[in-house]
Amino acid sequence: MNPTEVMEPAKTDVEKKYKVIGTRPIRHDGVDKVTGRAVYGADVQLPGMLHGKVLRSPHAHANIKSINTAKAEALYGVKAVMTAADFPDAGSRTANLGELGEVPLKPMCDNVMASDKAVYHGHAVAAVAATSPHIAEEALKLIEVDYEVLPPVMDVLKAMDEDSPLVHEDLYTDELGEKSSKPSNVASHTRHVKGDLSQGFAAADHVLEREYRCATVHQGYIEPHAATAMWNPDGYLTMWVTTQGAFTVRTSVHQILDIPVSKLKVIPTEIGGGFGGKIPVYGEPVAAVLSRKARRPVKVVMDRTEVFLATGPTSGSYVKLKMGVTNEGRITAAETMLAYEAGGYPGSIVALGGICMFAPYNIDNTTIDMYDVVVNKPKTAAYRAPGAPNSEFAVECMLDEFCQILDMDPMEIRLKNGAKEGDIQSHGIPHPRIGCLETTEAARDCEHYQTPLEGPNRGRGVASGYWVNAGLTSSVTARLNGDGTVTLQEGSTDIGGTRTSIAMQLAEVLGIPVEDVVPSVVDTDSVGYTEVTGGSRVTFATGWAAYNAGQAIKSQLIEQAAEIWKVDEDQVSLADGVITTTNGDSRSMTIKELAADLSQKGIDVGSRETVTPQNHGGAYATHVVDVEVDPDTGKVTILRYTAVQDAGRAIHPSYVEGQMQGGVVQGIGWALNEEYFYNKDGLLMNASFLDYRMPTSLDLPMIETIIVEVPNPGHPYGVRGVGEVPIVPPQAAISNAIARAVGVRLGDLPMSPQTVVKALSAKS
Amino acid sequence: MQAFDYVAPKSLSEAVSLLEQKGERARVLSGGTDLIVQVRENRRDVDLIVDGKKVAELMELSFDSQSGLTLGACVPCVRFYEDAQISQLYPGLNDAALLIGGTQIQNRASFGGNLCNSSPAADSIPALIAHSAVCLIAGSGGTHTVAVEDFCTGPGRNVLGPKELLVSFHVPPPPKHFGAHYLRFIPRNEMDIAVVGCGASLEMESDLRTVKKARVSLGAVAPTPLLVAEAAAALEGRELDDSAIENAAAAARAAARPITDMRGTEEYRVHLAGVLTRRALETSLERAKED
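Just so you know, the protein sequences line up as chains Y and Z, in that order.
So that you can map any letter, position 126 of the first sequence is 212 in our numbering, and since no number is skipped, the others follow by simple counting.
So that you can map any letter, position 123 of the second sequence is 1309 in our numbering, and since no number is skipped, the others follow by simple counting.
Some clues are possibly wrong.
[Stated by the list, open to error] Quick list of the computed label-pair ranges, beta carbon to beta carbon:
(1) S152/Y <-> M1187/Z: 22 to 30 Å
(2) D834/Y <-> K1399/Z: 27 to 35 Å
(3) P346/Y <-> G1209/Z: 58 to 66 Å
(4) K766/Y <-> R1230/Z: 22 to 30 Å
(5) K1399/Z <-> T537/Y: 46 to 54 Å
(6) S1392/Z <-> D767/Y: 53 to 61 Å
(7) E1476/Z <-> F763/Y: 35 to 43 Å
[To be verified] Where chain Z lies over chain Y, by a calculated footprint (3+ residues, C-beta under 8 Å):
(8) 241-253
(9) 764-777
Everything labelled a hint here was simulated from the structure, so no lab data went into it.
Note that CB positions come from ideal geometry on N, CA and C, so glycine has one too.
Kindly produce the complete structure, drawing on both the sequences and the hints.
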């Protein structure tokens, strides 16, 4: 069985033939990474560097009445101690987080370090810089914090109750555009309406109404957060950070510390995963303030417990869904209420949950109510297709239930209702060219789905998923070297092999081997503004900037060759790394020859490019999973898994497959075992990889992948983002497989062994 | 983390005298897979770490057909399961040695360290109990013995005095028609702590149907690992059929008094105690038949 199978290119794209795109070169950063030479966040070492440690709230919810740091300051080896009082007053200023929008600054500052109240277990309240990490830890024990402990609210629905404890006394609901008169944990309520629900339900032959819940889960990136700051006495601040966006860190730190961006340089280190969780800042402003106070460089590195306690999980959620279908399997109406935990401060990603929820289907009548709700948990951050798995899980489970009622094949109901170009989405925007139907058809026709599953307690589940993807601003700087290679500087930190997938697009334009492009991720002083590595946008947008740079270099080379040969530029062409005349006199030279000549003459060839592409195009996936359930213990074993996905154009198919497999693995963890486990006092009890159970390699079969290519007309090579959508289908696919294996439908995640046993015993 | 001293004594008497000097501020190091983590994470304060791995008695692994197995407290799991003879004679202990951590951990972790850490969920303890292992303990007043099932007194607590150390385990030679098994339930397939663990052993009559002697032990269902005498009573002298096994499983469920925590609910753990008892007995029987 071949685990990987690339579909024939779609008919719309038959004219294109590529030399570099679609191949699988070795990544430029590979040797450094496998030999351990690559410098990650915690590897940064500077002369005289101090170690920062953060004191964290032992309570889920408490007013901070006073903090006494005198004893810690007096400990030998301690060079600086800080609290939130060391930050400039946030006032009513706001911060722009790019993909995450404009947010008030005060909550962002308070999340970095609590000023008046701690709103989750592990919330930072003070920090120490000392000559060793052990001294810094000992000093933390000497800081005296006087807390007034308050009752916590941990559940999204309880937080919405009228009489719930308030996480913030001054938070008022933005209720469909109006401010509420009473403070509440509901930060906002928004709504999308399309068509007429009552008509839609009247046309239905079958109506189901169900509730679905997702536990709070963490991104689980392998590298903990780490930041090193050196604040020079001249006022210039340099930071080394493991981040998804060096420019976003620069903006955030500039705003929190109220210093000019021109005095702040952020150097991104290698990054060991982010999945959205390395967009917000945590230790970065803390390291900066400690460095300013100590007048020495300070490194702040989290341990795994701190990562779980205080950095972005994604929203736990409650979803209520009512859908109607006809006897023929046509969906006539869908009504839903989404309530997402924002964590300790407003700003969950519920809006994207709403936008994505029904996007795989064309439904005439939909109403979506979305609630952003604060609870005493860490402030949520983006996590791979943020918001989408929670809401789409509900739709995909319910469709499977309809399939059983109607005795209809799960692929058939998805094809019957599948979205296509021009269909109006639930938020009023028409779909561009999408690959929803093509993806589902490929899943239906794949060998896995066509092979019957046999054996007791076994079941096969199907689910689809959609993710909106992002465009946003990206920049590169490219320069031709005298040896004919191209140096490519880029602002996108490389999480998924994007140095190479970006370089391949430039190499394709010039017709040179990708090994002749030398990509590097550079600091905020050395390349144009670039948004975060997120939204599955880097190969799409930064790749486009590299494409433009390639085109600019190509025309400069043609111009220079025309000059040398004394012919018109339109009589010169460049292909496969060779420049030739097209007027019949058969002159030619390689890029390498021309580059050497130009270098001798002191002529610079290169380009700076910045793009903000709009038509990023959404991504679709359909997954098939076979499971076996142990009815005695409730344990679910994944027997076989196939992920099918529209990549638009797979620039580097291995990286596309890797993204698909990685997304599936995280989805399986989310489905089966991962959850934040809080005790009755709101304290997180499983802040470790031992008890926060992500799947290991021993829990997984080889994830089979099938790449479908329906080129995105919004990109020169047809690229669609691929990184996020594969985390959307697994939860429902597994729930549906369990339902077909042992006859119990589970709508609450995780579907841990004990919940399976409980459901089985309730059934019998 | 505070600085601490480290000493590796060469003899048992030297080790005992170090413990005498430092009392509760000293801690014996075996593989260190629990202790080092606890110290690093500020969960345990120590002034002195006494490494037992240079003491001959603590590193002894030997078998004698009359006296049985001598298993030094600091012998790592890998030495146990790589010994072809011993690992075959004590299949329940072998199961546990292979389950504890991954290969790197098994190169360090020991039965003795696992017992002295006294976690209710420790994988090796129910296996030791199933095999009727006895602890040899040394202190300034000489040595004495304690059955493994009487060793733990609560989570992280045990009968060792502040100036005492565990020297070795002594396990009787397996009788004829003997089989044993340890298994645990974890939600993943590796890298996890037992939600419930169960060790069982069976000595069968020569008909290979009637139970002569049985032992059933449970982990992670009480403050200490349990020897479930009622389960043995439900089996001994009877034919090992489905109903006998179900009676033993019911006894295990009745003996379990777990808590609800992030690893499992009380209700689920009671249920698992029954499931695992059944499975441990079935495998023990298969092994007894092969014996």
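Here's how the hints hold up against the structure:
A hinted range of 22 to 30 Å for the beta carbons of S152/Y and M1187/Z is consistent with their spacing of about 28 Å. Between D834/Y and K1399/Z the beta carbons are some 45 Å apart, a value that contradicts the proposed interval 27 to 35 Å. Distance hint for P346/Y and G1209/Z: a CB-CB separation of about 60 Å, consistent with the stated range 58 to 66 Å. For K766/Y paired with R1230/Z, a C-beta distance near 26 Å keeps the hint of 22 to 30 Å intact.
Taking the beta carbon of each, K1399/Z and T537/Y are about 49 Å apart, inside 46 to 54 Å as hinted. Distance hint check for S1392/Z and D767/Y: the Cβ-Cβ separation is about 58 Å, which falls inside the suggested range of 53 to 61 Å. A beta carbon spacing of about 42 Å between E1476/Z and F763/Y agrees with the range 35 to 43 Å that was offered as a hint. Check on the stretch 241-253 of chain Y: 0 of its residues sit with their Cβ under 8 Å from a Cβ of chain Z, so the three-residue criterion for coverage is violated.
As drawn, the stretch 764-777 of chain Y meets chain Z at 5 residues by the rule of a beta-carbon pair under 8 Å; at three or more, the given contact holds.
Going through the hint list in order, the structure does not satisfy hints 2, 8.
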